[in-house]
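Using the sequences and the accompanying hints, generate a full structural model.
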Amino acid sequence: MFKFQIVKRLLLAAALSFSVHAVMAQPAAAPASVRQEAPVSGFNPDAVEVHQDDLLANQRLITGRITLPDTRARTLIQPDGRMWRDYQRSVVPWIAAVLVLGTLAALALFYAIKGRIMIEGGRGLATILRFSSFERFMHWLTAASWCVLALSGLNMVAGRFVLLPLLGNDNFSALSRLLKPAHNFVAFPFMLGVLLMFLVWLRANIPNQVDVNWFKSGGGFLDGSHPPAGKFNGGQKMVFWVVVLAGAAMSATGLSLMFPFAVTNIFGMQIIQVIHGGIALLMIAMMLSHIYIGSVGMEGAFDAMNSGDVDLTWAKDHHSLWVAEELAKAEKPQPSAAE
Amino acid sequence: MARMKFLCDADRCIECNACVTACKNANEVPWGINRRRVVTINDGKPGERSVSMACMHCNDAPCAAVCPVECFYTTADHVVLHSKDLCIGCGYCFYACPFGAPQYPKTTNFGSRGKMDKCTYCSGGPDGADGSAAEFAKYGSNRMAEGKLPLCAEMCSTKSLLAGDGEIIAQIYRERVLKRGYGSGSWGWQTAYQEAINV
Amino acid sequence: MRMFLVAIVVIAGVATGASMVLDHFQRPASVAFATDGARIDPPE
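Residue numbers (my numbering), protein chains in the order written: chain V, 1 to 339; chain C, 340 to 538; chain H, 539 to 582.
These are calculated hints, taken from the structure and not from any lab test.
Note that CB positions come from ideal geometry on N, CA and C, so glycine has one too.
Keep in mind that a hint or two might mislead.
[To be verified] Simulated coverage check for chain C against chain V, where a stretch passes if three residues somewhere in it have a Cβ under 8 Å from a Cβ of chain V:
(1) 364-377
(2) 405-411
[To be verified] Derived DMTMM-like pairs (lysine to aspartate or glutamate); straight-line CA-CA distance at most 20 Å:
(3) C:Lys477 / V:Asp170
(4) C:Lys454 / V:Asp170
(5) C:Lys384 / V:Asp53
(6) C:Lys384 / V:Asp54
(7) C:Lys454 / V:Asp70
(8) C:Lys454 / H:Asp561
(9) C:Lys363 / V:Asp70
(10) C:Lys518 / C:Asp350
(11) V:Lys231 / V:Glu325
(12) C:Lys477 / C:Asp466
(13) C:Lys423 / V:Asp170
Spelled out as structure tokens, the structure:
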């Protein structure tokens with residue numbers, strides 16, 4: 001009698017588990033939230049079941065209704081967070097290492113082989129005004145802001161690998177607690193600087209045939225020639241457009257990140273953060289090269305942004321067309337007040 | 340050693356929000372911060388289920404993985420906690436958390452979102468001695484140090500929200516499903532613990 | 539060199555100004571999620 005009851009219960013349990021398994025294994029093609037399950041044991045108040053796997057098969061997240069005033073909390077589960085986490089922890093550090101350290105290594109190699117590009121014939125006495133005070137001001141406004149942004153941004157991504165072991169948790173947190181607000185607020189002078197540069201230098205940075213020829217001869221880097229160039233050569237125009245376009249993208253994504261969920265949902269915020277970080281690293285690679293050539297890489301280049309006056313020979317070698325224009329302007333008679 | 344988990348039996352949850360109220364009360368959670376919340380799926384329709392959700396204290400917690408200042412740690416009971424002193428309020432943990440557990444005192448993110456706050460499994464935090472006033476002010480109650488389970492599960496009116504050692508609550512849930520013949524599954528378990536309770 | 543220093547000063551100024559303006563938009567969770575029926579008194 002007793003054994004029979006055990007066998008009956010075992011059969012019941014087996015049948016139940018089979019049916020539960022069968023129900024759970026059904027393909028997602030069935031309507032996600034309404035499913036019939038034959039009641040197996042006595043009382044089954046809900047003939048309809050809903051399972052998280054089915055819901056997730058049809059949509060990115062599971063949402064419902066919530067009585068809290070914060071309606072964002074109605075998202076129950078967003079598994080995309082795992083994808084974002086994997087990207088942040090596994091992919092981004094590698095991208096950062098390749099782009100930042102790789103660029104530094106390439107520049108070091110270039111310097112080791114080529115050395116500093118010197119002014120042919122050495123510095124002369126004659127100089128020519130290349131950048132006005134305002135041009136230099138807006139460049140430094142952008143450049144100095146960018147340096148703060150790049151370093152504070154890199155701290156968010158790579159700080160825990162590079163600085164945390166050196167400083168310890170408490171000090172590193174204290175530093176990061178300063179760098180994060182710096183990142184957010186220095187973004188505004190950066191945006192102002194990019195806007196100014198765009199307005200003032202747009203005309204001089206429109207690409208033309210001269211730039212195509214400049215690129216064709218490798219900018220003169222490899223063969224030592226001096227292809228003609230205007231106020232900005234092909235490489236500099238590339239830097240201009242990267243700064244303007246990447247700067248605009250960084251500004252847009254950055255502002256969205258500062259006002260979370262103002263324009264998009266959790267998935268959108270994750271995408272925006274990925275874009276913001278990705279463009280940042282590409283921009284860092286480009287700017288490292290720009291900083292290199294403007295300082296260590298070429299004699300006479302830094303003068304342009306430091307005092308504004310550059311060596312005339314250097315200018316004739318590297319920006320021949322611009323020098324010709326400037327000298328022609330200087331010789332033209334001044335327009336009279338009546339004109 | 341016990342491995343602490345939460346399990347919400349969605350077929351028993353009646354959306355009474357007693358768990359939410361208990362948590363708010365026991366931990367003096369400020370207004371606007373929701374350590375625990377109840378979400379209702381298919382509200383008003385056949386197959387309506389309510390799930391009480393807070394931090395699940397995941398295996399390989401995503402919040403801990405993405406934190407730029409590594410302010411998270413895991414206790415011996417596998418409760419995932421963090422240090423509010425180290426937290427810089429960047430908001431990354433919220434993007435990573437599948438359950439929306441991290442809460443911030445500020446809704447905007449310039450400067451900082453404020454110190455992140457989340458369910459601590461009523462285990463307090465790293466500062467101050469267990470059960471001290473300093474710990475309570477920052478992290479809320481520390482019931483675990485007194486050998487008690489989180490108050491949300493203790494106060495659940497239908498015993499749908501279970502807290503305790505993962506093996507034990509999984510077994511309780513399994514027995515329930517077997518006895519009554521239905522169960523919508525262990526919500527969040529696959530995501531948090533990479534296992535589902537098969538009955 | 540002078541323009542560089544001017545730029546640094548302007549950066550500090552604009553950043554500080556931005557933080558002050560943005561603080562105006564800052565909403566603590568206790569205020570953002572208050573409703574007619576449920577709210578707290580402003581902190582002293």
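Status of the hints after comparison with the structure:
no. : hint                : verdict
1   : 364-377             : holds (count 4)
2   : 405-411             : holds (count 6)
3   : C:Lys477 / V:Asp170 : holds, 17 Å
4   : C:Lys454 / V:Asp170 : holds, 15 Å
5   : C:Lys384 / V:Asp53  : holds, 19 Å
6   : C:Lys384 / V:Asp54  : holds, 16 Å
7   : C:Lys454 / V:Asp70  : holds, 18 Å
8   : C:Lys454 / H:Asp561 : holds, 17 Å
9   : C:Lys363 / V:Asp70  : holds, 16 Å
10  : C:Lys518 / C:Asp350 : holds, 13 Å
11  : V:Lys231 / V:Glu325 : holds, 9 Å
12  : C:Lys477 / C:Asp466 : holds, 8 Å
13  : C:Lys423 / V:Asp170 : holds, 11 Å
Checked against the numbered hints above, the structure violates none of them.
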